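If you read the sequences in order, they're chains A and B. Residue numbering for the first sequence follows numbering that gives the first Met the number 0, beginning at 0 and increasing consecutively. Residue numbering for the second sequence follows numbering that gives the first Met the number 0, beginning at 0 and increasing consecutively.
It is possible that some hints are incorrect.
Selected chain B positions facing chain A (Cβ under 8 Å, derived; list incomplete) [unchecked claim]:
id	residue
1	Ala2
2	Ile5
3	Val28
4	Met47
5	Glu51
6	Phe52
7	Met55
8	Leu58
9	Val62
10	Gly63
11	Ala64
12	Leu70
13	Phe71
14	Met74
15	Ser135
16	Thr137
By construction, these hints were calculated from the structure, which means they are not laboratory data. These numbers were taken from a predicted model, which means no experiment stands behind them. Think of the CB as a built atom: it goes at the ideal place given N, C-alpha and C, for glycine as much as any other residue.
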Amino acid sequence: MEYLSIVFQEVYKILFLLVPVLVSVAMIVWLDRRVWAFVQKRQGPNVVGPFGLLQSLADALKYIFKEIIIPSSSNKVIFILAPIVTMTLALIAWAVIPFSATQVLADINVGILYLFAVSSLGVYGIIMGGWASNSKYPFLGAIRSAAQMVSYEVSIGVIIINVLLCVGSLNLNDIVIAQQNMWFVIPLFPMFVIFFISALAETNRPPFDLPEAEAELVAGYQTEYSGMMYAMFWLGEYANILLMCAMGAILFLGGWMSPIDVYPFTLVPGALWLILKILLLFILFALVKAIVPRYRYDQLMRLGWKVFLPLSLIWVVLTASYLFYFNLLPVN
Amino acid sequence: MIAHAIFFYTFSIIAVVSAIMVTASKNTVHSVFFLILDFISISCLFIMIGAEFLGMIMLIVYVGAVAVLFLFVVMMLNVAQQKNQWFAGQSTSKHIPVGLIISTLIFFEIIIVIGGWKYKPEIFDINNSLANTSVSNTHSLGQILYTDYIHVFQISGMILLVAMIGAIVLTFRQRSGVKRQSYINQISRERAEGVEVLEVQSNKGVKIDD
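Excised from the complex, chain A in its bound form (with noise of 0.2 Å):
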């Protein structure tokens, strides 16, 4: 009886967390397509229900009555368990994304190792489903999506790790409370900005949205999918995206805390500032979908591999240096 209990309560906690995230999910959809509409002064998605809100929920709708088709040459198990393992990944990250100092669902020493475990599993969906398509496209798409992303994790890791020679401690808690007197963005903004281009990297946004260029791959590895399939690969694509800006959002804006600790701003729930923050990274990256066009394969990996890492390598040995001669290590 004991046990139900515990299962029930969390139970409840994981569907309090899941479901706004899954919302949101739809929500942003939504906010992408406005944005991306309003810098080419088109007006997008404005029909359904107040604004055009309603717009995801009538495509999920679409989305649910239209038929699956599963290619006879495929590998059956695997083409139907990629979008599964897509969405999965996408949504057990969350598990410890802390939106108040108190309210996270699984605080644990190791949290963001936990983070970019996650992020660097997801590109599984993707190999999954190009490899069980049994077909050109989706196969080439899963390649070079594979490649992109285990290219562009090396550096998101360096850049973890310059935050938390700073830290001290792997708990996204800490690294959030670490921020109380100085957000990181400010002494680390050549890393934040490295980290947002890797972001979208990893995330296959364009400019690196390659392994579903649609004017080389028809649609990459998403090519044979439809249905509620698609859908599934799509809604983890961008909860994944918004579990970068998360992120993004803890190591480097402060996560949960307020920008000022004055009076009226401390009043706000620690919740509102993290999905503020969230909210302004997203906003970003639709800005840079609009804006800039796609790049060369090649360049994407001279990019990662010529630029960016060794940057944040140097990066490391300067804040180490720094911490080290002027005696701030953090020690605990």
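Here the structure of chain A is known, so what remains is to put chain B in place on it, guided by the hints.
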């Protein structure tokens, strides 16, 4: 305690079964997927015994990077296999002696480890005394790795670096006749070098490309 036992047996059964399936499945891509499942369940076991740093690093390094490269190679191999008769002509029987030697070696190693643990428990007490429960596992790992074992740690890094350079040297080939872009040349180009404004007289035209 019972929940702990249930989780332990679930993860270990998944680990053992998927390890068997890695060698047993016919499709090489499926083998790699089972290998990934094996890595994941082993990292879950690591987390269960409290070694959360090792478990996460296992996920990041093995599942997130190494297995992706495995999958990459195996998928490419499958494409090559369909095109190339070289793979079909290879008989598997000549790998058996090598495999047997390696597996007997591993078998004896395991016997020695388990035997030592069973009959000489004091060997393992030395390792246990190092563990300090007051700091987190990541801190204690760092305190041991960067103080007592710093040289071993550095040497293993050097070996990896040498292996990487070796692999690059072995596979590198200079191709001739490849046009390469030079970013510096492209960016440092002035308008005067690229554009020339000409007065064109009517019915005369201009000569370009001379």
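Outcome of the hint check:
1. At a threshold of 8 Å, the smallest CB-CB gap from Ala2 (chain B) to chain A is about 7 Å, leaving the interface hint in force.
2. Interface restraint check: Ile5 (chain B) against chain A, minimum CB-CB distance 11 Å, threshold 8 Å, status violated.
3. Contact between Val28 (chain B) and chain A, as hinted, is supported at the beta carbon level, the nearest pair being about 6 Å apart and thus within 8 Å.
4. For Met47 (chain B), the suggested interface contact is broken, since its CB lies about 13 Å from the closest CB of chain A, more than 8 Å.
5. Contact between Glu51 (chain B) and chain A, as hinted, is supported at the beta carbon level, the nearest pair being about 5 Å apart and thus within 8 Å.
6. Nearest Cβ of chain A to the Cβ of Phe52 (chain B): about 6 Å, under the 8 Å cut. The hint holds.
7. The closest approach between the C-beta of Met55 (chain B) and any C-beta of chain A is roughly 4 Å, which is under the 8 Å cut-off, so the hint is satisfied.
8. Because the beta carbon of Leu58 (chain B) sits about 4 Å from the nearest beta carbon in chain A, less than 8 Å, this interface hint is met.
9. Using the Cβ-Cβ criterion of 8 Å, the hint placing Val62 (chain B) at the interface with chain A is satisfied: the shortest such distance is roughly 6 Å.
10. Taken as an interface hint, Gly63 (chain B) checks out: its beta carbon lies about 3 Å from the nearest beta carbon of chain A, inside 8 Å.
11. Taken as an interface hint, Ala64 (chain B) checks out: its beta carbon lies about 6 Å from the nearest beta carbon of chain A, inside 8 Å.
12. At its closest, the beta carbon of Leu70 (chain B) sits 6 Å from a beta carbon of chain A; the interface hint therefore holds under the 8 Å criterion.
13. With its C-beta approaching chain A no nearer than about 6 Å, Phe71 (chain B) sits inside the 8 Å limit, and its interface hint holds.
14. With its C-beta approaching chain A no nearer than about 6 Å, Met74 (chain B) sits inside the 8 Å limit, and its interface hint holds.
15. A hinted interface residue such as Ser135 (chain B) counts as satisfied when its beta carbon comes closer than 8 Å to some beta carbon of chain A; here the least separation is about 5 Å, so the hint holds.
16. Hint status for Thr137 (chain B) relative to chain A: holds, with the closest Cβ pair at about 6 Å, below 8 Å.
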